[in-house]
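Protein sequence lines correspond, in order, to chains E and A. Those letters in the first sequence? Residues 1 to 353, per the numbering used here, in order. Those letters in the second sequence? Residues 1 to 372, per the numbering used here, in order.
These are computed hints drawn from the structure, not numbers from a lab. Note that this is a predicted model, so its numbers are computed, not measured. All C-beta atoms in this analysis are idealised placements derived from N, C-alpha and C, irrespective of residue type, glycine included. A few of these clues could be false.
Listing some non-contacts, in silico: residues in chain A with all C-beta distances to chain E over 10 Å [unchecked claim]:
#	residue
1	Leu30
2	Leu42
3	Trp94
4	Gly103
5	Trp167
6	Gly183
7	Gly192
8	Met220
9	Gly330
Taking lysine-lysine and the DSBU-like style, the derived pairs with C-alpha atoms no more than 35 Å apart in a straight line are [unchecked claim]:
#	chain 1	residue 1	chain 2	residue 2
10	E	Lys300	E	Lys314
11	E	Lys300	A	Lys341
12	A	Lys186	A	Lys208
13	A	Lys204	E	Lys2
14	A	Lys204	E	Lys314
15	E	Lys314	A	Lys208
16	A	Lys186	E	Lys143
17	A	Lys208	E	Lys278
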Amino acid sequence: MKPVIKKMLGSSFIGALASPLSVDDYLGLIDRRLSVREPRGRVVSAVRQTADSVTLKIEPNDNWQGHHAGQHLLLGVDLAGVRHSRCYSVASAANEPLIEITVKRNGNGRVSNFLVDQAARGQLVYLSHAEGDFCPDTRPPAKALLLSAGSGITPVMGVLRHWAAGGDLTDVVFVHYARSRADMIYAQEIEDLAARHEGLRIVCVFTAEGGARIDDATLDANVPDLAEREVWLCGPSGFMDAAESLIAARTREPIHREQFAASRREAAHGEGAVQFLKSGLAASGDDGSLLEIAENAGLKPAYGCRMGICHACKCRVAEGTVRDLRNNRVREVRDTDIQLCIHAAAGDVAIEL
Amino acid sequence: MGRPTHLTDADVAEFGRELDTIRDEVMSDLGERDARYIHSVLRTQRSSEVAGRALLMAGILPPAWLAGTALLSLSKILENMEIGHNVMHGQWDWMNDPALDSGTYEWDNTCPSSQWKHSHNYVHHTFTNIVDLDRDLGYTLLRMSEDQPWEPRFIVQPGIAMVLAAWFQWGVALHDLEWERIGKDKTWSEVGSQASLIWAKVRKQLLKDYILFPALAGPMAPFVLTGNYSANLTRNIWTFLIIFCGHFTDEVEMFDEAEATNETRGQWYLRQLLGSSNLTGSVPFHILSGHLSYQIEHHLFPDMPSHRYRDIAPRVQAICERYGINYNTGPLTRQFGGVVKRILRMSLPHRRKHNTLTEQSTVHTPVYAEAA
Chain E
1 MKPVIKKMLG
11 SSFIGALASP
21 LSVDDYLGLI
31 DRRLSVREPR
41 GRVVSAVRQT
51 ADSVTLKIEP
61 NDNWQGHHAG
71 QHLLLGVDLA
81 GVRHSRCYSV
91 ASAANEPLIE
101 ITVKRNGNGR
111 VSNFLVDQAA
121 RGQLVYLSHA
131 EGDFCPDTRP
141 PAKALLLSAG
151 SGITPVMGVL
161 RHWAAGGDLT
171 DVVFVHYARS
181 RADMIYAQEI
191 EDLAARHEGL
201 RIVCVFTAEG
211 GARIDDATLD
221 ANVPDLAERE
231 VWLCGPSGFM
241 DAAESLIAAR
251 TREPIHREQF
261 AASRREAAHG
271 EGAVQFLKSG
281 LAASGDDGSL
291 LEIAENAGLK
301 PAYGCRMGIC
311 HACKCRVAEG
321 TVRDLRNNRV
331 REVRDTDIQL
341 CIHAAAGDVA
351 IEL
Chain A
1 MGRPTHLTDA
11 DVAEFGRELD
21 TIRDEVMSDL
31 GERDARYIHS
41 VLRTQRSSEV
51 AGRALLMAGI
61 LPPAWLAGTA
71 LLSLSKILEN
81 MEIGHNVMHG
91 QWDWMNDPAL
101 DSGTYEWDNT
111 CPSSQWKHSH
121 NYVHHTFTNI
131 VDLDRDLGYT
141 LLRMSEDQPW
151 EPRFIVQPGI
161 AMVLAAWFQW
171 GVALHDLEWE
181 RIGKDKTWSE
191 VGSQASLIWA
201 KVRKQLLKDY
211 ILFPALAGPM
221 APFVLTGNYS
231 ANLTRNIWTF
241 LIIFCGHFTD
251 EVEMFDEAEA
261 TNETRGQWYL
271 RQLLGSSNLT
281 GSVPFHILSG
291 HLSYQIEHHL
301 FPDMPSHRYR
311 DIAPRVQAIC
321 ERYGINYNTG
331 PLTRQFGGVV
341 KRILRMSLPH
351 RRKHNTLTEQ
361 STVHTPVYAE
371 AA
């Protein structure tokens with residue numbers, strides 16, 4: 001959008017004409033990607049490098065403010081009428097015009113399966129601004145170790161491409177764990193990078209072909225000078241926990257771990273415990289509806305009919321297992337608004353109250 | 001008063017379960033086709049608004065003024081009825097779309113959404129048709145039930161009703177002030193904070209329709225102004241018509257507080273059903289009415305996406321036949337005729353009339369054991 005038009009559309013005069021709707025509501029008549037403030041994009045290409053992954057290149061609108069190497073964003077897609085959002089690392093270098101992400105099939109996960117199977121050119125996606133501080137400095141340290149497993153290669157790819165573009169691959173060791181080369185995303189590009197840059201040493205461990213899971217022996221054999229290397233770590237949480245304890249025992253250099261900002265928060269432990277995130281309170285989930293539990297804990301949530309009709313008590317649940325008191329159905333919810341008066345805790349529940 | 005006396009407690013419980021089943025089936029089936037429906041309504045509303053306002057800019061030509069006003073009226077009616085009212089009921093919250101979120105949606109009339117959600121979603125839908133609790137019974141301006149005591153001011157209520165119809169969005173905007181409670185259990189400062197919210201909304205609406213768009217039209221300003229006013233008037237009258245047909249037709253039942261206390265789910269469904277009436281018509285008619293032509297289904301399931309009421313109405317009607325419950329429906333002319341008669345009848349002090357329902361009803365089992 002031309003800057004002058006953008007400025008005009010964001011003005012309070014135009015806002016007053018559109019009121020109480022937003023200018024975006026009218027822009028949507030032309031193209032849903034257009035927005036005055038919201039970053040959105042369309043898929044330009046979808047390449048399936050491996051059997052259960054897809055690499056998407058997304059053209060963002062001009063509300064996308066760019067990213068630093070290793071950052072991630074929250075990507076939203078409309079599936080069967082419902083908007084779902086998931087975090088993905090940005091694998092493209094900071095100065096590239098298109099955003100590249102790679103999605104790996106995550107069990108029965110709705111969004112990952114949809115993207116891997118059906119994402120195609122033209123797909124509208126909702127974006128967030130880039131978040132995370134996986135790699136806060138633009139230049140690498142003198143000696144670096146990048147350690148990843150499975151889809152954890154994506155932020156590492158972003159960092160590697162950034163360092164390569166800056167001519168900074170002086171002494172970087174990259175150790176990656178995958179099932180096999182056929183399952184390794186970016187395998188070819190990594191090999192090309194290593195061929196072109198002397199300072200980059202690649203070690204791939206293929207666990208389906210006899211390679212062992214991460215342990216002392218592998219680390220010592222492949223990275224003897226670990227004590228001098230700053231470490232970047234990304235992969236499934238089990239992998240990261242195991243790796244981090246091994247590494248921390250060997251080096252006092254900083255260890256960067258990729259944590260998605262919108263990832264699972266610490267849910268209260270114990271049977272059916274209810275946690276109120278904004279007030280820092282916790283209560284047992286045994287007795288009554290979530291509304292009653294909140295009131296007994298001293299909170300004053302909004303309410304109305306107290307019978308599931310008026311939606312006044314709707315509240316955001318960050319994560320939890322709830323039972324609908326009307327039909328006794330139990331379901332797991334994540335980042336969802338639910339009516340407190342007709343739901344009870346069926347496990348741990350974390351509420352934004 | 002209201003309840004059918006031929007049903008046992010077990011009957012009512014089973015009746016409730018059958019309705020619960022319908023609700024569960026529909027709510028677990030929501031998906032792509034529902035999303036496509038609401039998006040097409042949004043597109044229609046927005047493009048007709050843009051086209052209407054653009055045509056009014058050439059409003060010196062009568063065809064342009066008429067077409068522009070008609071399109072703008074259409075967009076306001078769609079936005080208030082099919083979109084705004086339904087979005088605020090939470091009917092489209094399942095989509096996770098911030099533009100259709102009942103928590104944040106602001107609709108295109110002078111009434112602040114937060115106050116509407118209180119007076120409508122909570123008060124009206126919880127205390128439906130309970131005299132003295134449901135403030136929609138006459139909106140404190142009209143006497144709509146024999147159980148409301150007569151006062152001399154009601155003699156002129158036919159005139160009041162006409163004024164209310166022409167200015168309906170203002171009646172709605174002021175409705176949640178609950179002026180009858182001021183000095184009793186409502187303080188002036190509560191009124192003050194509500195009033196500033198109302199003024200903030202009113203200001204934006206007046207600015208848009210009566211200052212900014214006319215100003216944008218330059219020499220055509222008078223035509224834009226009259227066009228916008230006429231569109232607002234058209235929307236007011238249409239919404240008044242549809243809404244008054246929902247609970248004030250001939251056979252609708254009112255309830256007193258005692259019989260509505262400690263209701264079971266089945267009894268709640270029964271009160272919602274007996275207190276509401278439907279309108280028959282074409283699909284475009286239903287959409288224009290925001291599917292409030294399915295007032296019965298809407299009161300049974302306020303947070304079900306509105307277009308689904310069309311699908312479930314035959315099933316609800318069949319259940320009513322089996323249980324011998326009156327399912328009140330009819331064309332707009334007949335139903336509104338009943339509303340007019342009620343307004344006229346209630347304007348005079350009135351003793352309970354003979355129950356003529358058993359003569360009029362098409363249901364074989366008498367709905368009431370004795371005169372209401």
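A quick look at each hint next to the structure:
With a least beta-carbon separation of about 7 Å from chain E, A:Leu30 fails to lie farther than 10 Å from that chain, contradicting its non-interface assignment. Taking the minimum C-beta to C-beta distance to chain E, about 8 Å, the non-interface status of A:Leu42 is violated against the 10 Å cut. With a least CB separation of 6 Å from chain E, A:Trp94 falls inside the 10 Å interface cut-off, contrary to its annotation. Some Cβ of chain E comes within 10 Å of the Cβ of A:Gly103; the nearest lies about 6 Å off, and the non-interface call is violated.
Separation of A:Trp167 from chain E is adequate, the least Cβ-Cβ distance of about 20 Å exceeding the 10 Å criterion. In this structure A:Gly183 is separated from chain E by more than 10 Å, as the shortest Cβ-Cβ distance comes to about 25 Å. Consistency note on A:Gly192: stated as away from chain E, and its beta-carbon is indeed over 10 Å from all of that chain's, at 21 Å minimum. Taking the minimum C-beta to C-beta distance to chain E, about 16 Å, the non-interface status of A:Met220 holds against the 10 Å cut.
At roughly 26 Å, the least C-beta separation between A:Gly330 and chain E is larger than 10 Å, which holds for a residue marked as non-interface. For the given pair, E:Lys300 sits about 13 Å from E:Lys314 by alpha-carbon distance, which is consistent with the 35 Å threshold. For the given pair, E:Lys300 sits about 46 Å from A:Lys341 by alpha-carbon distance, which is inconsistent with the 35 Å threshold. Distance hint between A:Lys186 and A:Lys208 is fulfilled; the C-alpha atoms sit about 33 Å from each other, no more than 35 Å.
About 28 Å separates the Cα atoms of A:Lys204 and E:Lys2, which keeps this hinted pair within 35 Å; it holds. A C-alpha spacing of about 28 Å is found between A:Lys204 and E:Lys314, which places the hinted pair at or below 35 Å, so the restraint holds. Taking the CA atoms of E:Lys314 and A:Lys208, the gap is near 32 Å; set against the 35 Å cutoff, the hint holds. For the hint pairing A:Lys186 with E:Lys143, the CA-to-CA distance comes to about 71 Å; that exceeds 35 Å, so the pair is violated.
For the suggested pair A:Lys208 and E:Lys278, the alpha carbons sit about 38 Å apart, so the restraint of at most 35 Å is broken.
The earlier numbered hints that this structure contradicts are 1, 2, 3, 4, 11, 16 and 17.
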